[in-house]
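Here is what each chain is made of, one letter per residue.
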Amino acid sequence: QKEVEQDPGPLSVPEGAIVSLNCTYSNSAFQYFMWYRQYSRKGPELLMYTYSSGNKEDGRFTAQVDKSSKYISLFIRDSQPSDSATYLCAMSGGGSNYKLTFGKGTLLTVNP
Amino acid sequence: AAGVIQSPRHLIKEKRETATLKCYPIPRHDTVYWYQQGPGQDPQFLISFYEKMQSDKGSIPDRFSAQQFSDYHSELNMSSLELGDSALYFCASSLTGGQGSPLHFGNGTRLTVT
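Sequence order for the protein chains is S and D. Numbering of the first sequence is given in the working numbering, commencing with residue 45 and proceeding in unit increments. Numbering of the second sequence is given in the working numbering, commencing with residue 387 and proceeding in unit increments.
Among the clues, some could well be false.
As the list claims (entries may be wrong) - Covered stretches of chain D, going by a simulated chain S footprint (3 or more residues, C-beta under 8 Å):
1. 422-429
2. 487-499
Claimed, not checked - Here are the in silico distance ranges between beta carbons for each label pair:
3. D:G426 x S:S70: 20 to 30 Å
4. S:S113 x D:Q427: 22 to 32 Å
5. S:N71 x D:T498: 27 to 37 Å
6. S:S126 x D:A388: 15 to 25 Å
7. D:E400 x S:G60: 47 to 57 Å
8. D:H396 x S:S64: 31 to 41 Å
What the hints assert, rightly or not - Calculated pairs, DSS-like style, for lysine-lysine (alpha carbon to alpha carbon, straight line, at most 25 Å):
9. S:K100 x S:K114
10. D:K443 x S:K148
11. S:K148 x S:K86
12. S:K111 x S:K100
13. D:K408 x S:K46
14. S:K111 x S:K148
15. S:K100 x S:K148
16. D:K408 x S:K86
17. S:K86 x D:K399
No lab work stands behind these hints: they were computed from the structure. Even glycine gets a Cβ: it sits at the ideal position worked out from N, Cα and C.
Model the full structure from these sequences, guided by the hints.
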């Protein structure tokens, strides 16, 4: 079993829809949780960064972390065609271990 | 804002050749990470450096080596290349310390081994 599980999709939604992306993980040492967006042939772009449990909102994006359930989510409101990309969840442990462990990524297509 | 710069963007090599990939981190970032991403795969951690010293090691083959220089740029050296080494290689940098620091990625080097 991988440390981080993410449904690879693909996920196809109409423009304006609310998108929900999720990851589960098994390593209880993870404390830092990130969502990256990756367009084809580009590097992962940091979208959201959260520490420990709770919610964080940034514009149309909301990240949720539930450490008790080892479950994280990313919500995208009013989705746009420009949101079409692969979304990767990533996480790391505390102390000096900042290397990221990624989920497989979910391919999202927002249709105009 | 300045981002992570990687060079070259594309590289084509033959089997058993060597390749050197370069990474220039965001200014003032002290930690660099190398990741390998195969087609349709998530990025796999290879190795990281903090203040020019190796800080963590992942699934990096013995044929690969890396280092971080005094100006904080890093190079990934790959020898005896195999077909399976064809992938996107990403470098990321962060400012490490305190409550953690998110990684910022470059746009990668696409290596094709023929």
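Hint says 27 to 37 Å; check whether the CB-CB distance for N71 (chain S) and T498 (chain D) agrees.
-> Because 34 Å falls inside the window, the suggested range holds.
Hint consistency between K86 (chain S) and K399 (chain D) [alpha-carbon to alpha-carbon, up to 25 Å] | With Cα atoms ~21 Å apart, K86 (chain S) and K399 (chain D) stay inside 25 Å; holds.
With respect to the beta-carbon atoms only, verify the hint that G426 (chain D) and S70 (chain S) lie 20 to 30 Å apart.
-> Holds: the Cβ-Cβ distance is about 23 Å, inside 20 to 30 Å.
Quick one, are K148 (chain S) and K86 (chain S) close enough, alpha carbons at most 25 Å?
-> 16 Å, holds
Given the hinted pair K443 (chain D) and K148 (chain S), is their alpha-carbon gap at most 25 Å?
-> 20 Å, holds
Satisfaction of the hinted span 47 to 57 Å by the C-beta atoms belonging to E400 (chain D) and G60 (chain S) | Given a distance of about 50 Å, which is inside 47 to 57 Å, the answer is holds.
Quick one: see if chain S covers the region 487-499 of chain D, three-plus residues with Cβ-Cβ under 8 Å.
-> Holds, because 9 residues of the region 487-499 of chain D bring their Cβ atoms closer than 8 Å to Cβ atoms of chain S.
Between K408 (chain D) and K86 (chain S), does the CA-CA distance stay at or below 25 Å?
-> It holds: about 16 Å lies between the C-alpha atoms, which stays within 25 Å.
Decide if the proposed pair is consistent with the structure: K111 (chain S) and K100 (chain S), CA atoms, cutoff 25 Å inclusive.
-> Judged against 25 Å, a Cα distance of about 14 Å means the pair holds.
For the pair S126 (chain S) and A388 (chain D), does the Cβ-Cβ distance stay inside 15 to 25 Å?
-> 24 Å, holds
25 Å Cα cutoff - pair K408 (chain D), K46 (chain S) | Answer violated: K408 (chain D) to K46 (chain S) is near 30 Å, above 25 Å.
Taking 31 to 41 Å as the hint, is the beta-carbon distance of H396 (chain D) and S64 (chain S) inside that range?
-> 36 Å, holds
Going down the numbered hints, you'll see the structure goes against just number 13.
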